[in-house]
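J.: For reference, the chains in residue letters:
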Amino acid sequence: MRGLKKYLSGLFQGVRSLLQGMSVTGYHFFHPREIVTQQYPENRATLEIFERSKGELTMPHNELNEHKCTACGICQMVCPNGTITVLSKTEQNEDGKSKKVLDRYIYRLDQCTFCALCVKNCPSDAITFAPTFENAVYTRALLTKQLNKEGSKLQKKS
Amino acid sequence: MIYDFSKLTSSLDQLLLSVLPPFWVLLVEALLVLIAGLAAFAVLGMILVYMERKVCAFFQVRLGPNRVGKWGTLQLIADMLKLLTKELVTPRGVDVLLYNVAPFIIIMAAFLSFGALPFARGLHAIDFNIGVFYLMAVSSLAVLGILLGGWASNNKYTVIGAMRSGAQVVSYELSVGLTYITMVAFAGTMQLSGIVEAQADGWFLFKGHLPALIAFVVFLIASTAEANRGPFDLAEAESELIAGYHTEYSGLRFAFFYLAEYLNMFIGAAIAATLFLGGWMPLHIGSWEAFNAVMDFIPPIVWFFGKTFLLVWVTMWFKWTFPRLRIDQLLTLEWKYLMPVSFFNLLLMTVIILLGWHF
Amino acid sequence: MMPTDFKDNEALEQLRESGTNVVLTTVSDLVSWGRANSLWPLMFATSCCGIEIMAAGAARTDFSRFGIEVYRSSPRQADLMVVAGTIVHKMAPVLKRLYDQMADPKYVVAMGNCAISGGPFRDSYHVVNGIEDIIPVDVYIPGCPVRPEALLYGIMQLQRKIKVSYSLPLGKKEEDK
Amino acid sequence: MTDQALLDKVLAFAPGKVAVEEYVNTYPALRVEADALHDLARFLKENEETDFDYLMCLSGVDWGANLGVVYHLRSTRHGHVLVLKTQTPERITPTIDTISDLWVGAEFHEREVYDMFGIRFTNHPDMRRIFMSDKWMGFPLRKDYQASNPLHLETEGAYEDEGIRKLASGKGKDETFIINFGPQHPSTHGVLRLVITLEGENVDQVQPHCGYIHRGIEKMCEHLTYQQIVHLTDRMDYLSAHINNEAVCLCVEKALQVEVPLRAQYIRTIMDELTRVASHLLFWTSFGMDLGATTCFFYSMRERDHILDIFEETCGARLVLSYVCPGGVMYDLHPNFQRRVKDFIREMRRRLPEYHRLLSGNVIFQGRSRNIGVLSHENAVSFGVTGPSGRASGWHCDVRKQDPYHVYSQVDFQEAIRTEGDVFARYMLRMDELETSLNIIEQLIDQIPSGDYAAKMKPVIRVPEGEYYQRVETARGDLGVWLVSQGDKFPYRLKFRSPGFSTLAALPHLCHGFKIADLIAISGSLDFVIPDIDR
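Chains as they are written, first to last, in the numbering used here: chain A, 93 to 250; chain B, 334 to 692; chain C, 1136 to 1312; chain D, 27 to 561.
Hints in this document: simulated from the structure, not taken from any laboratory.
Since the structure is predicted, the reported quantities are computational estimates derived from the model, not experimental observations.
Glycine residues also receive a C-beta, built at the ideal position from the N, C-alpha and C atoms.
If you only want the chain A side, here are some residues facing chain C, beta carbon under 10 Å, derived:
(1) I127
(2) L139
(3) S145
(4) E148
This is chain A alone, in the form it adopts within the complex:
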């Protein structure tokens, strides 16, 4: 008799737990407001990515096409896996002194680990992370980028 009672109570409890579970999913089914889907790419115009988000390394240029990079090479040094290569050249400035300036700032997006050591260690705040993420391409070579724009110059200290 006790066995039967146990059997029946087990059956009842089991069914009850199943119905409880179904009530959870059922609730969500009948409450479309619970849907949390954000429709990328339809929401592309309104999609906000947090400003600190690390999408790719960029070198901001002002409207005169000037950047702040002094080609000191610290970022290249602190980078753990050789993502950054700073190529510099020597140039004569107005005073006739030869000076090291940035020639090409090579950034390999396909290697970067986004540890932010370069940005944090940059003495002149020349580089920063941009929250872009639409970077998928068919050709791997396109992921190696030159960050300084053509013909850009070092920004004068104000």
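Got chain A sorted already, so can you dock chains B, C and D onto it with the hints?
T.: Just chains B, C and D now, with coordinates in the frame of chain A:
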């Protein structure tokens, strides 16, 4: 009054008889039925897959396919095109004959059951006088395909999946059979059209008291298990056996397995609707003439599909809520719970019939 | 999204110019459309990016909207292999084998910097520097790890590529390069 | 017992063979002759007063002239720690006695040492490579490792692997199936490979094969500065990335004796707990999926996304944060941080009962998890199964209580404990911890003091010569960092005692006699992160 499709079919029959000899008429009719059946099969399959993807999305607080066509309606067309043009891989070491035959057995088993379903009055391929018995026989054929496919694939996962499925289907066949018998005893006929007609003044679920309700629940569970649907999808348990018995199938062959799974689900729901919810019969309540007349305005085919899809939705609700059973739990459920309950239920039903307690 | 919103359109132009058969174009386009919109993925997720794939499949950035929620864990049934995470020497043969087991047409997405180039571990003794040494890659999605939206963007890039590639004769994928 | 009394006791046991290590050390250390090691270890384990029942860490190290093995022992009863150091006489055919007969968990660790340094452990039951394939040339963590191993793309034949050959030969019965789970399998949580022998549906033996994501982090660390190392640790156990970061930073700070500003400590603690919540949510997700309850995935990922948003807003990354740096944190909190965290806690509290209704109470779920894969308290200690899995076996192993770091000593929280040790207990324990973590965050979130978020550090950190050990509690258990510095800007040796590795060693022991489906449930309940195991 409810439209009788047999008028249409018999007039078509007359028309054909007037131009062709009887043998050819039979042949042409068989061909027509085949084409209609296949078309319905394919369309239904696509609707079901689409429905599952949408329904599960809504259970899961997301949207589901919505980028291909409006609300993702063309998603299944794309899937079909892709599956049709996908390479058919025949792995090394398979038993080529059985490997190729298995998907067809499965899809054929589903198709055979499909033929006996009464979609509306007079709208079925064959109205056997032993319709229920036929369904029982045919629906257990699918396991052959699964076993063969799993065995022929020369892969350990598929063998385990197939063996699981074998144990599962053979066990659950019992409960399904017992619930069939319960309802046949109640209806007094095995003919599906007769069963539906007998529900003109109330569905069996309501007329049959407790035993009908119990039989209904048991049937829903057991038919889900027979169709290898979650939470009974041990045969293809993705987290354990990759894709179970159809791991090695690709392209169209895989599509057959995929389609058959959904159609079996549909067939299970359709049989449940026929046996318990009055099939295509509109909702009639005893002597409420006006109400009954209003209900009759809704065409029977809508009733049939409405009920079936409702039950399909319920099985989806199970599937997307519960974790999968383990093989011993699965067999315990059958042998320790469902089967004794069904036996007891059959007894109860007989008593009720003998005492005339039903409505 | 307009085509101009996408990157690397030049590669597509090259692909489009390479051989088209006028008669069969419509059929081919239809099939390509089907293939592009029905990418059933095989998740070759080895590390962090695998979690972001999960996140991409979750409700927030539900990638079933693209019709790619039908995860197939069997390579035979998958169309798209998403290689997410570091591939090491011991894993490379497995990757190759799974790729070979997939049925044509098959596509590969290298997700994350580990899969593209070895990423943070490229100096290690046991890490493969980019899966393109092992299998052909269709789309590279940089990031470490790739955020879910970026994966969706990558998938759209792949869809664009499939749509312009020529899909006949049936069952054969165009040779890369 | 004080450290001195402990040392005296050991010195008295084996005079002449043992010497106290006069080196900068975080724990009392002894140098032992290789031939006296096993006896001493047995003494330390079986003696009532010492009772070193927990082998925290077993590491190999290349000292140049010879190779060394270092054992970190801990007593769960007395709470004291002792470091044993031993050396092989030479480096051509180095051998040392195994201690895997005393601590079962040592079996895997010794295999790792063999794989990385080539030290053979005599009497070891299964001495073969663990991460690298059998054909790999050389031992990577040796300082003179030069071997070039080209990439092989041919898959090995079924029985070419030594371990599988062993499995196959051990069985005479025809019914046994040898089956491969992984390395690419939907429920091995990455790339673990389990070779199992089956009898019907029943699992007989399980043999884990690791190394499919062995990335050689420990070797790479030897060529990176301390700031650079941090970003690699993210990618070990990427689900508790933040806590991993901390482990290294705490170790370096301890070595340098840097005082971390209080604000940074608060931030780190809160982030820790958020990470833990995120990780346990992901556990819920994947465990549900392993058992076939797919919908769980979507519900807990929805909540997890809130945490990831909080992370991204402050740290700029969702998963691998790289937010900690030696001395503090990289940048200050985002102004929205506190509001968001509070919102999240409210949301989470609302959702948790839903989780229990959906999964925990479910009769199928209970049937699949109760009394499955029972890990006894004794075995948990012997294998070194820490974290939630260990606590589910009744072992008080929470590092946050034992060796409190940051502000954990000031927080009022109970260590969650369950004693059943089965899959269900492990599952429920994580659910308990979710609530504990929410409580901790709630206590701290309004108390964050103002001030600096990082101490001033030199651009190039040189850790003073010595050996340092630091433990933290990740979402998976006791993560130990053993740092050997020779005063350089790079570490001489950096060893991660990852919680998953020890846990994995217990898996074969748990699965015997259960069904395939249980194997999935058990491995799911241990909550592996494979890169954490392989490193």
